[in-house]
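*Asks:* Residue numbers (the working numbering), protein chains in the order written: chain A, 1 to 111; chain B, 1 to 116.
Misleading hints may appear alongside valid ones.
[Claimed, not checked] What the simulated footprint calls covered on chain A by chain B, stretch by stretch (three residues with Cβ under 8 angstroms from a Cβ of chain B suffice, anywhere in the stretch; the number is not a length): (1) 38-44; (2) 74-86; (3) 100-107.
[Stated by the list, open to error] Sample of chain B residues at the chain A side, in silico, Cβ under 7 angstroms: (4) L11; (5) G28; (6) G56; (7) F60; (8) F64; (9) T104.
Treat the hints as calculated values from the structure; they're not laboratory data. Just so it is clear, CB atoms sit at the ideal spot from N, CA and C, and this is done for glycine as well.
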Amino acid sequence: QQQVKQSPQSLIVQKGGISIINCAYENTAFDYFPWYQQFPGKGPALLIAIRPDVSEKKEGRFTISFNKSAKQFSLHIMDSQPGDSATYFCAPVEYGNKLVFGAGTILRVKS
Amino acid sequence: ETGVTQSPTHLIKTRGQQVTLRCSSQSGHNTVSWYQQALGQGPQFIFQYYREEENGRGNFPPRFSGLQFPNYSSELNVNALELDDSALYLCASSSQKSTGMGDTQYFGPGTRLTVL
């Protein structure tokens with residue numbers, strides 16, 4: 001049972017471009033919607049997160065857009081930089097604490 | 001403030017053996033969660049401990065067990081190792097509120113387990 005579907009699997013963006021990663025979910029028990037960033041050899045690190053009563057949240061170059069009725073949320077990275085090259089995971093939270101990870105998106109930003 | 005630490009960094013075991021992985025949670029955190037990340041996949045929830053009690057479990061067999069100590073550090077034990085247990089094992093700590101709502105989970109660097 002795949003509760004969380006993340007797309008695309010991989011993404012190549014030119015430096016300065018916009019990176020967009022999407023996440024669709026089925027479980028209505030999810031109550032918190034974070035995105036994690038993972039570099040090789042490291043554990044995932046929280047990038048940005050949104051609560052379901054908000055439709056958009058922006059922190060610097062990173063924006064989450066949330067569509068509750070469509071059960072989708074997305075990550076937008078503006079002015080993408082080579083240092084943003086990493087694997088990104090959506091990981092909605094079930095019952096307040098259990099993270100349910102998507103399969104991940106490998107982002108490569110070309111300089 | 002120290003972050004989440006895990007030991008060992010790497011481990012090689014043979015099929016059928018037992019392994020213990022350790023995690024020290026971030027200062028002030030009372031909850032530890034364990035995840036298994038197979039190569040090229042997203043982490044999968046194994047279980048969570050809150051104040052020394054198991055507080056939720058994913059779809060993993062009973063040979064995966066854990067402990068949380070009074071200082072909130074934790075151990076993950078895996079018995080009768082199988083080849084498919086080869087993965088990165090991640091520990092995450094957080095501060096769970098009495099309402100049950102969780103806070104941000106902070107991950108350690110993981111332990112890379114290889115089963116031969």
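*Asks:* Going back to the hint list, which numbers does this structure go against?
*Replies:* 2, 4, 5, 7 and 8
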